[in-house]
Amino acid sequence: MNGELINALSQLKKERAIPTEVLLEAIEMALISAYKRHFSGHQNVAVTIDRKTGSVQVLAKKMVVSEVQDPQNEILLSTALTDFPDAREGEELELEVTPKDFGRIAAQTAKQVIVQKLKEAEREMVFQEYTSQQGDVITGLIHRQENRNLFINLGKAEAILPLSEQVPTEHFRPGQRIKGYVLEVKKTTRGPQIVISRTCPGFLKRLFELEVPEIAEGIVEIKSLAREAGYRSKIAVRSREKNIDPVGSCVGYKGSRVQAIVEELRGEKIDIVLWSENAAEFVSAALSPARSLKVTLNEEEKHAYAIVPDRQLSLAIGREGQNARLVAKLTGWKIDITSESLAKAKEGEKVGAEEREKVAKEGS
32 MNGELINALS QLKKERAIPT EVLLEAIEMA LISAYKRHFS GHQNVAVTID RKTGSVQVLA
92 KKMVVSEVQD PQNEILLSTA LTDFPDAREG EELELEVTPK DFGRIAAQTA KQVIVQKLKE
152 AEREMVFQEY TSQQGDVITG LIHRQENRNL FINLGKAEAI LPLSEQVPTE HFRPGQRIKG
212 YVLEVKKTTR GPQIVISRTC PGFLKRLFEL EVPEIAEGIV EIKSLAREAG YRSKIAVRSR
272 EKNIDPVGSC VGYKGSRVQA IVEELRGEKI DIVLWSENAA EFVSAALSPA RSLKVTLNEE
332 EKHAYAIVPD RQLSLAIGRE GQNARLVAKL TGWKIDITSE SLAKAKEGEK VGAEEREKVA
392 KEGS
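Position one of the sequence shown corresponds to residue 32 (our numbering), numbered consecutively onward.
Just so you know, these hints were derived from the structure itself, not from any lab.
Just so it is clear, the structure is predicted and the values come from calculations on it, not from any experiment.
Just to be clear, a hint being listed does not mean it is correct.
List time: in silico SDA-like cross-link candidates among lysine to any residue, alpha-carbon distance up to 25 Å [as the list claims (entries may be wrong)]:
1. K150 to E189
2. K333 to D367
3. K360 to E242
4. K148 to E189
5. K148 to S163
6. K254 to Q165
7. K254 to K148
8. K44 to T200
9. K254 to V282
Simulated DEER-style distance windows between Cβ atoms [as the list claims (entries may be wrong)]:
10. Q159 to P102: 23 to 31 Å
11. Q207 to E160: 21 to 29 Å
12. Q353 to Q42: 53 to 61 Å
Beta carbons are placed, not taken as given, at the ideal position from N, Cα and C, and that holds for glycine.
Start from the sequences and build out the full structure, keeping to the hints where you can.
Laid out in structure tokens, this is it:
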């Protein structure tokens, strides 16, 4: 080996972004294996490659003794004094034992090991790259489907979108470009496997961060989020600056920002509401698209009671109770919703009962 080795490794660094030092260390380990296999199975050796010239040295570690019993690992004191005048018995020396034809044999033997080390180094770098993207959104091309799981080609690695993380209303086919939220990155024998999701609330939150500059800059804050993937989501926002409308910022000019997210989520409805420290106001806003007339709270039980116009009762509850469930998730309050007429009827019954009780007391 010579300077051409260093040049070749420099080229690999440019093409594959693998540090030269990582490659040199891998080659040194491979050469130790080659030396032991072809020249000595027991000798304690080290191999060093000059970082400038590429020249290879094999060094054997031997103990200085007065009487040699293990020639592989020991050297006679009188012999050691020839090259090491200051040698002392019991001292460990490093002696060069590089064979003349070592370069040829080592290259043949170590080739496969070096290739494997290169693969491992690449896999580790790719693993670190995608680990840093955990909690972010990535894009790739669907290239196959197995057992209803989708496998996405990211270029350097492969991502899997498990059936459990797929939105039931979405359908994809091979060749389509797809976005997903990185849930976790696993090490496998075939390289890193990235598990992504399109159902988790984090996906929706990250899409808003990417689409709305005010959120990315921290001017507008997402306080809470509730999602039933594929159907409806609610997101509560507030502004850290008085002159910035948080809801308007998320909606965008003529709805452009939120519409871009809706399109990415294949038509999922999104309600953007104003967060408030006042729980009654927050619950009232969260009932959107329904309008609440009154919200009362039971602080001890964390229970909210909302009254809505008669015509909006079904809207407030939502199909199969979906809107009410999302309100509860978004606000953290249990929610009971009733119509205006029913609330008045109950109030009338209550008043009537109180009057009857009062009359009864006066009569007695």
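Each hint tested on the structure:
no.: 1; hint: K150 to E189; result: 15 Å, holds
no.: 2; hint: K333 to D367; result: 11 Å, holds
no.: 3; hint: K360 to E242; result: 24 Å, holds
no.: 4; hint: K148 to E189; result: 20 Å, holds
no.: 5; hint: K148 to S163; result: 23 Å, holds
no.: 6; hint: K254 to Q165; result: 21 Å, holds
no.: 7; hint: K254 to K148; result: 47 Å, violated
no.: 8; hint: K44 to T200; result: 45 Å, violated
no.: 9; hint: K254 to V282; result: 16 Å, holds
no.: 10; hint: Q159 to P102: 23 to 31 Å; result: 45 Å, violated
no.: 11; hint: Q207 to E160: 21 to 29 Å; result: 24 Å, holds
no.: 12; hint: Q353 to Q42: 53 to 61 Å; result: 58 Å, holds
Hints 7, 8 and 10 from the list above are not met by this structure, while the remaining hints are.
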